[in-house]
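Enquirer: The listed protein sequences derive, respectively, from chains C and F. In this text, residue positions in the first sequence follow the numbering used here: the first is 1, and each later residue adds one. In this text, residue positions in the second sequence follow the numbering used here: the first is 464, and each later residue adds one.
The hints are simulated quantities; they were obtained by calculation from the structure and are not laboratory data. Ideal Cβ placement from N, Cα and C applies to all residues, glycine included. Hints are not guaranteed to be accurate.
[Claimed, not checked] Which chain F residues face chain C? A few, computed with CB under 8 Å, are given here:
no., residue
1, L551
2, E562
3, V567
4, Q740
5, T743
[What the hints assert, rightly or not] DSSO-like, lysine-lysine: derived pairs with alpha carbons at most 27 Å apart:
no., chain 1, residue 1, chain 2, residue 2
6, C, K162, F, K566
7, F, K566, C, K255
8, C, K44, C, K443
[Stated by the list, open to error] Which bits of chain F does chain C cover? Going by a derived footprint, with three or more residues having C-beta under 8 Å, they are:
no., stretch
9, 530-543
10, 553-559
11, 671-677
12, 711-720
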Amino acid sequence: MDALDLARWQFGVTTVYHFLFVPLTIGLGVFVAGLQTAWHRTGKEHYLRLTKFFGKLFLINFAMGVVTGIVQEFQFGMNWSEYSTFVGDVFGAPLALEALLAFFMESTFIGLWIFGWDRLPKRVHLACLWAAVIGSNLSAYFILAANAWMKHPVGYEVVDGKARMTDLWAVLTNSTALAQVPHVVASAFIVAGGFVLAVCGYWLLRTRNENRNENRNGKRSETRNDMWRGAARGALVMTAIAGVVVVGSGDMSAKLAFEQQPMKLASAEGLRHDTAGAPFSVAPGIEIPGVLSFLSTGDFGATVQGTENLQQRFEQEFGPGDYRPDQAVVFWSFRLMIVFGMATAGLSVLGLWLTRRGRPMPRWLSRLFVLALPLPLLAVTAGWLLSEVGRQPWTVAGELLTAASVSPGVGLTEVAVSLAIFTLLYGALAVAEAVLLTRHVRKGPEEPRRVAVAERREPSLMY
Amino acid sequence: MIDLWFVIIAFLWTGYFVLEGFDFGVGLLSPFVSANDEEHRQGLATIGPVWDGNEVWLITAVGAMFAAFPAWYSGLFSTFYLPVVLILVGLIVRGIGLEWRSKVSYPAWCDLGIVIGSALPAFLWGAVFANLLFGSAVAALVGGIFTLGLCVLHGAVFLALKTGGEVRRRARVAALAASVVVLPLAVVALSSLDSVPALVAMGALAAAAALIWRHREGWAFTATAAAIVLTSVSVFADLRGAPLPGLTLAEAASGPYTLTMLSWIGLIALPFVLVYQGWTYWVFRKRVQVAPAG
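Let's have the full structure, built from the sequences with the hints guiding it.
Expert: Here is the structure:
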């Protein structure tokens, strides 16, 4: 273990952790904004209760996304000063733009939304939430443009040992980014969809007897069970649409990886030698002929480069060294990403079919929603491992090695101390967030009459 | 172009210190100027809608440094590694504390987080910049205590300005007490900066104390804000020759293309940011009162 290893661990731990909250913020924000819009349009009480309920869960999570994000911005300078000095001219620009164009909007308008319930006209208040949500999504675009540049650097030249930007537009419209942005943002909607479904599943089970009672009275007013069914349907639609986008953009990313990141593609497939009509290996030993070639080029017979041959080519181009990423991590994270992601998307399609035209949510399906909660989170985590471990040994593909990116003046002890501090703090906060979310989910939305009384004293989302 | 970007970054840091300065102060003081939970929440509600937006000034300042002066950015944060770790820890526990306080069963933990998380950055930013300028541990200590005291004073005046009732009265007392501590410190810390703005900042702090004594809270807040602006200006004026020991701005700067592009985007976007952030303060311009029981 040296400072480099620990710095990599720290980046991995803090980034994976950060990205558990980011997708929930992105997707849940849009979902809550949709609920509040529905309330604004229809005036139905149910929508307001759901807005406040999911709004609270959203804010608990939002706080975690914000504070863990600050660490990210400082970390490049702290642990990766050689990298930062090399790339700042190019990589810093989208980060500065992210802060200026996205973070200001997000954080200012979320404050207005939290505290503005009784200060702002309804329409303006709703617009504030949408502005905050747009800010969140915009930030995803900028940071992913920066990230994509590491894997497929464009619009720059190297002068005096530093990257110099020559074309900002090229950086912002990098093909890698344009494939990655819809993939990551849609996966965020799947994570949020899975979360909402788990919550709805829990409440559908808890309120499952209400419909019968109401029917016995002969009246058919909307029950709480109906409310949760409606919310679940909304989440199912969101997840299913996002599922289609994820598959489509994932396919685009695979085809781009074939051209831009052949080593990652070969490692993800465990393909060692250049192969015409390369097979897709479902697991080691189980292969479907020609499918990898088809997925990466659209042609079943095309040749896909293998890791061994690429290694030789890289050695010729860049000199001696090992240019292969950790094969097991890349291979398995690719499969887990697909399996967990597809399972969630598949569940949403199944749910939509089973609840079509007013059919009730089957109980086993509600249970499944609760059990499936971790799946999309595992899928996005695996996706990032594939994406970033697969980029190794480079921080900037073909330009800068990870080993040459680390801060020379930062010692092992310093990195170890900060890694320990962040890991402990993050661990404690994860437990606290889980407890807090569970408690608020169990408590459920305020009853309509109690909402009115409580609101007169203190809007429920305030401090 | 390089000078312009140095000024922009100094502007962003200054904005951050002025805005988060009172957030830190309010976070530190809220438990001590309130007699019950209602008043505690009243205190925190003064910064509730704005603290997150204020913090983005830091994120933008750091992002702009990364883009415009990569070597300054990476040098600064890798040199002051452990202080920066502690600042980050502070910002994490403060943000979580503020957002979760009303939603947890044991808000005492959140209160602890808010106090510690406000104190750490308020002290450490001063220590980091003082160390950068004077390169000594004593200077860092004095600088840190000075900015900590300055934040407490600034926050106390803000609380007095933005609340009513008992909290307002106690915040005024806290501001006077903070002035007694900050003024002698200011003489030591600001005179060592040896510049006109620093001297004016000293005057502004004395004026703030007099104004808060005479219940002129709005003007007192203007004075403490001015003191922070002038201190920050003075610090950045000193850093202009060498933002880090052995580094010049020209060496640290990005190429003219990047700086030009960022200038145009900043020129277009920044006015919007200032307008909608200003609007937030306008929406929440009223004093926060304790809700009548009922």
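Enquirer: Are the hints correct? Go through all of them and say.
Expert: A quick look at each hint next to the structure:
1. L551: holds (5 Å)
2. E562: Constraint on E562(F) satisfied, holds at 3 Å.
3. V567: Since chain C brings a Cβ to about 6 Å from V567(F), closer than 8 Å, the hint holds.
4. Q740: OK, holds: Q740(F) within 8 Å of chain C, min 5 Å.
5. T743: holds (6 Å)
6. K162(C) with K566(F): Violated, because 48 Å separates the two Cα atoms, which is more than 27 Å.
7. K566(F) with K255(C): Distance of about 46 Å is beyond 27 Å: violated.
8. K44(C) with K443(C): holds (21 Å)
9. 530-543: holds (count 12)
10. 553-559: holds (count 5)
11. 671-677: Coverage by chain C is violated for the stretch 671-677 of chain F (0 residues, Cβ < 8 Å).
12. 711-720: Our answer is that it holds, as 3 residues pass the Cβ test (under 8 Å) against chain C, meeting three.
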